[in-house]
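Work out the full structure, taking the sequences as your base and the hints as a guide.
Spelled out from the first residue to the last, the chains are:
Protein chains: 4
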Amino acid sequence: MYSLDDMIELRRKIHRNPEPGWCEFMTTAEIVGRLRQMGFNPLLGEKVINKDFIAGRNEKAVQASLERARAQGVSETILDEMNGYTGCAVIVETGRPGPVVAIRFDIDCVEVTESSSEDHKPVREGFVSQHPGCMHSCGHDGHLTMGVALCSWLQDNKDKLIGTIKVLFQPAEEGVRGARPMTESGILDDVDFFFGNHLGLGLETGIISSNPGLFLATTKLDATFIGKACHAGANPEQGKNALLAAATAAIAIHTIPRPVGPVSALNVGKLIAGEGRNVLAPNGFLQLEVRGETEKVNTFLREQAYERLEAAAAMYGCQVKIEKAGEATEFKPDPEAIALVDAAAIEVVGPENVMPLDLKLGSEDCTIMLKRVQQHGGLGTFIVFGSKIAAGHHQALFDFDENVLKIATDFYAHLLTRLNGRK
Amino acid sequence: MYSLDDMIELRRKIHRNPEPGWCEFMTTAEIVGRLRQMGFNPLLGEKVINKDFIAGRNEKAVQASLERARAQGVSETILDEMNGYTGCAVIVETGRPGPVVAIRFDIDCVEVTESSSEDHKPVREGFVSQHPGCMHSCGHDGHLTMGVALCSWLQDNKDKLIGTIKVLFQPAEEGVRGARPMTESGILDDVDFFFGNHLGLGLETGIISSNPGLFLATTKLDATFIGKACHAGANPEQGKNALLAAATAAIAIHTIPRPVGPVSALNVGKLIAGEGRNVLAPNGFLQLEVRGETEKVNTFLREQAYERLEAAAAMYGCQVKIEKAGEATEFKPDPEAIALVDAAAIEVVGPENVMPLDLKLGSEDCTIMLKRVQQHGGLGTFIVFGSKIAAGHHQALFDFDENVLKIATDFYAHLLTRLNGRK
Amino acid sequence: MYSLDDMIELRRKIHRNPEPGWCEFMTTAEIVGRLRQMGFNPLLGEKVINKDFIAGRNEKAVQASLERARAQGVSETILDEMNGYTGCAVIVETGRPGPVVAIRFDIDCVEVTESSSEDHKPVREGFVSQHPGCMHSCGHDGHLTMGVALCSWLQDNKDKLIGTIKVLFQPAEEGVRGARPMTESGILDDVDFFFGNHLGLGLETGIISSNPGLFLATTKLDATFIGKACHAGANPEQGKNALLAAATAAIAIHTIPRPVGPVSALNVGKLIAGEGRNVLAPNGFLQLEVRGETEKVNTFLREQAYERLEAAAAMYGCQVKIEKAGEATEFKPDPEAIALVDAAAIEVVGPENVMPLDLKLGSEDCTIMLKRVQQHGGLGTFIVFGSKIAAGHHQALFDFDENVLKIATDFYAHLLTRLNGRK
Amino acid sequence: MYSLDDMIELRRKIHRNPEPGWCEFMTTAEIVGRLRQMGFNPLLGEKVINKDFIAGRNEKAVQASLERARAQGVSETILDEMNGYTGCAVIVETGRPGPVVAIRFDIDCVEVTESSSEDHKPVREGFVSQHPGCMHSCGHDGHLTMGVALCSWLQDNKDKLIGTIKVLFQPAEEGVRGARPMTESGILDDVDFFFGNHLGLGLETGIISSNPGLFLATTKLDATFIGKACHAGANPEQGKNALLAAATAAIAIHTIPRPVGPVSALNVGKLIAGEGRNVLAPNGFLQLEVRGETEKVNTFLREQAYERLEAAAAMYGCQVKIEKAGEATEFKPDPEAIALVDAAAIEVVGPENVMPLDLKLGSEDCTIMLKRVQQHGGLGTFIVFGSKIAAGHHQALFDFDENVLKIATDFYAHLLTRLNGRK
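Residue numbers (the numbering used here), protein chains in the order written: chain A, 1 to 423; chain B, 1 to 423; chain C, 1 to 423; chain D, 1 to 423.
Every clue listed holds true.
Since the list gives no way to pick one copy over another, a pair counts as held whenever it fits inside one copy or between any two copies.
Okay, derived cross-link-like pairs now, BS3-like style, lysine-lysine, Cα gap no bigger than 25 Å in a straight line: (1) Lys296 - Lys228; (2) Lys228 - Lys360; (3) Lys296 - Lys360; (4) Lys324 - Lys60; (5) Lys324 - Lys296; (6) Lys270 - Lys228; (7) Lys321 - Lys270.
No lab work stands behind these hints, which were simulated from the structure alone.
Here it is as structure tokens:
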């Protein structure tokens, strides 16, 4: 089993080579290589990603990352296996009857440039990001390390276990993009217990929480209006004004009525339209999102946004293409799963270090996986592993206390022993 | 033939009893009665009005006017003949081969309250409107008098004529509503020469103009948005906001691009929406119009207005009902018709009193009749008979110089003698 | 002291003659007459109403109501004392040191036409509204009856009391208009304990609640845009389009961002603009309201609404006049006052009938009075007296169980005995 | 005096090194070098450019162009003389009394990438643009060549002349930017006759026109909205939404009423706002223009645009910075100047090749210079020199017939002989 030093070595290697969502080619290759060394046969590419459900994938960035992976020596064989789709999963089948348990770790970085300050530990200790504009500033490098370390424990302990354990390495959690296509691969369809997790989030190292509070359901949308250019001075009646369509949509979306009660939010964060001062604008682009404490309110806001986008296009004789750029659903952890987590956590960190949280207003696409599991009667929750952080998540000075890696792996060993241990 | 005194008597009788568009029951009965006394058999009701093309008809006002007509002794027989549709026409068939000529006179009043000032001649001489809120302040009482007087001339002279002469008494010119349904009755389908006219318009008594300049094509639209009310504080998401739909439409209509070159105009003149401060508004109403120097530009603006109205409704999940409340087309008088009018006018008022005008920006639904005639090869124009006016058209102190009545009738006698005189 | 029969007689007399806010001349005269018969010297007119703070007063309706009062025999003397301002108050000074307690009863009706169905008890028993379009369909006829009956108890018991008791009869609660100017008369400035109340609200007869839950702070606004008319076809550049200003404001108000957390609401419920189809609209009118669970959020929304209204006017070169048409503030009852009410209520209806409520989303201008009292260290709450109702408040079939009148009066006798009883 | 070959050599050298507006460092240095060789002492930098009136200058592009000029060997001395401001002028003072005549030639290129097709003569003959994204596709390379050739004629002929001749080499005509600051240098304040010119414009080589028709007055505006970012999900009320401000402004500008009669146009061609999907947008940028057949209508539209931009900013609590990015005024050529041009042109190309044009809808900042001259009683017009073109102006395949260079120079020799020849 991985020692803390092994874990730190892996985490720092990954930290040095951060890759954003859908671009985790080196990252996936690293994980797969290690899993194979353990004797596992991880699933790759379309076996874990249903490409029909991919959202928010920037093809140019994917190609650039692929080139970079090749340049850094990732083998063509493994890139071929991925076939363009990052992420992987190990399924440990004990052959003995027992529950199917799945645990999800995310693997992508954030698009932030890491600090080069000497005060920043990754700089001082030589594992700062080698990829400008990309940084593991949310801690997913830690998450995937926990996953790999957990696999090494599974390798050592599988004879003592029953049922099936699935360890999922999910791409593209940032922007809540990767959970849906991984879920739609079917990999969760027989799962009885599901867990996702995050480190940090303001908790001190050593704390474990089995119930983080509220995650908002959300839908991210990109809307592209297609109009028709014309000379605005000479024959303005010959064009279709996509700038006015986009502007009207942006305003109309902000007038969507907000149900009383559940938390909700909506925002058109970006509007780009037009070509030149005297050209009637043939194009318009909006980036927006809706959020809701419940799936119901999120769905209401999303449907209203679609209605307004389509009507704004029609108003100016334009077409509009609306693409989902990411999504997450509401979070309803199961009391039985919470109780299980609490029991295992108490064994690892003691009862005084196990507590519920009261997070608010964020979103996690892990909720999509949990909901799928719950839909067929499975149970689950989302776990937070405390870890002192050097700066807020997504910031250039973010760093976390690596001791969390061992605590989390120990915790999962205890949890799986409870759920899948041979009696 | 009617003397000027006869004409003045008729004009003042009508002036005393003004009726607005689609409500001219007493007016039509008066005309029909006089025509029958002359031995004519005028066409009434659906014979001259194709009800499928009626626009801008206020059913309540029609019923009220009908009651008023009954109360003032108009016979049920003639009201039955009208069957709810005002206006009439005389067709004088000489039985001798010759051109078919149609002349149109409009008969409706304006919704203005007439001045009660002693300075106002209709007050002093006792023919002021007896119907508050209604007044012949455009001079159509004069127009219909010319038409009746012309019929009396036709009665006296029909043996000297060839071909066919149609004298049309059109309802609802104000709001450009009546010409379309009268045209769609088919009454103009065999017409070779068509003339309409107006008195006043800034010309001195004695002047005749065969070409008034520009009439704009126009479409008047009423749009009713139907949404869904709800308590705006408690459950705003349950409503469909017709106020925001109507407001968005009003703004969007004002952004319609305007072709360079031809004169055009558009206006949303009225917006009424909502029920109460805390009720999400379930209804919205817009009154608008578009205008264009050419039918092409008017059609472009109208189609854009429809597009925006429908999209604004869709944007807020509402329905919208768009009704045409009136229409006129572009005006392209025929040089040959102009020459004919000029020749006849010179005989009546002398060459120094015959001149073209340069009117602009108004609309006349007579243009619809003329266009129909032109479409099958007929010719025509629109004639202005000068008449000193006491105040601008549509104003409470409007009055005109009644001498125009005789000048116009004489003119038509000369014109018809030229066109339909036995050689 | 008033028996239940006395109370029913008064309530039904008032029910027969409902008067809307600021128009309660007969109502005030009736109350004042009865109080004077008891030997009290009630305060009237500007002694209880600071006219500088009056909102939402329709001068025409006030004059009409005054005429009606005169026609029905209300004496000029008392109308003179009112000097146009309805409402009154009794101040009972015992002359013995003790707390100052104020209790508020509202007296205005709702603008609803009462049902004429034989199923409706006021019809069957002959006390249906004699004033079409006006009805006591919220129960304020009951409230003022409680107040008068309480005064009769005070008259009988004042020797047993200490301190000062103020009984306020507030006009214009509907639309949350009357509390502010009554508060600004200064009448609450020395008050130690303050109570307001409402009957019904879904509670069964016999229930008393000392804490109804949430009342929202609210501001009602009327905005009048003044532009400049012009002929929209001929010279549209000469006008100032108040219709587009109003439409823009309506949309912009609905885009105001909504703070996460506290309940909030906003609505533009009415928009009326324009004069005629072809006139560039010289006027626009909006009726709107904002609401918030806290005064802070209500203030934020109100200030944003002002900003948007003023900017929309400026955008189209118009003026805008914004008038406050009503207001209420947040509700924060004091635990000590709640405990007092509970104790007195238990004495009257037993502990099983005393319970907190969880109302939401409504507003009460009584909150303005309570806040004023709290600002100088006083305490208070708002009491709900259960009463079976025949239909929802503000509906044409509304009626309530008159037994509540006696329960409420008894309750206040107990409450005042606790607060102001001689020990 | 320059031969046609000399002119072609210069034109092609310039064509190879196109520089956009405000960046014409190499171009200016080339002109100045040649003028000095002729013995002239041209004015440079702030002597011909009043920097307070510069509009639409992109500082980054200016710096890049300066670097490029240095890299290609332009001397520091001349760059120092320019002091960052391109363009120059020669003033030929004969010392003999006589009229002051000014002729303006523009020198900037268009931001278009030149075709690399072998069908394109500049490719075939080796003078295609060496600067990707920049091309003399409007013919200003020809214009400045005419100016230099004219100076060489002046050098040869100045003893035969009286009065003063000013030859202006204006930067930044594209985007109508350079005329205003050159005019504000005062260089035109004593000018009696002013002429500007353009080649091509659809006329065959050999044609000369003294009156091109209509140039529209225009103002180009850049508006930058400054709001305040906040987390749109967590605390949207803390931001100031510059995206909604910009969108509202764009729509409102398109609702500006359009005076009937003169040609007018307006367009918001570009809108860029926002930073990220979930950030309330702190910035917004609009690129717009208004145009008008008369200065009056252009001014009306511009003032309305300012009003709407400022109100839209205020509506969302934002600031807005509005910058003029270019401007031109209406064109009213003087009949006397037209007659002079016609007379000289007839001498050069014969009467059959001299004709008025009927251009429409374009703008030329030369109109600002002409207006300044007219304001103190001077006269002028704008001349078009026909030249067969290979493709439309501003297109990648544009090229012109170089014979026009000699025709134009000859024409100016004749014109100046008429105006400034010693009698």
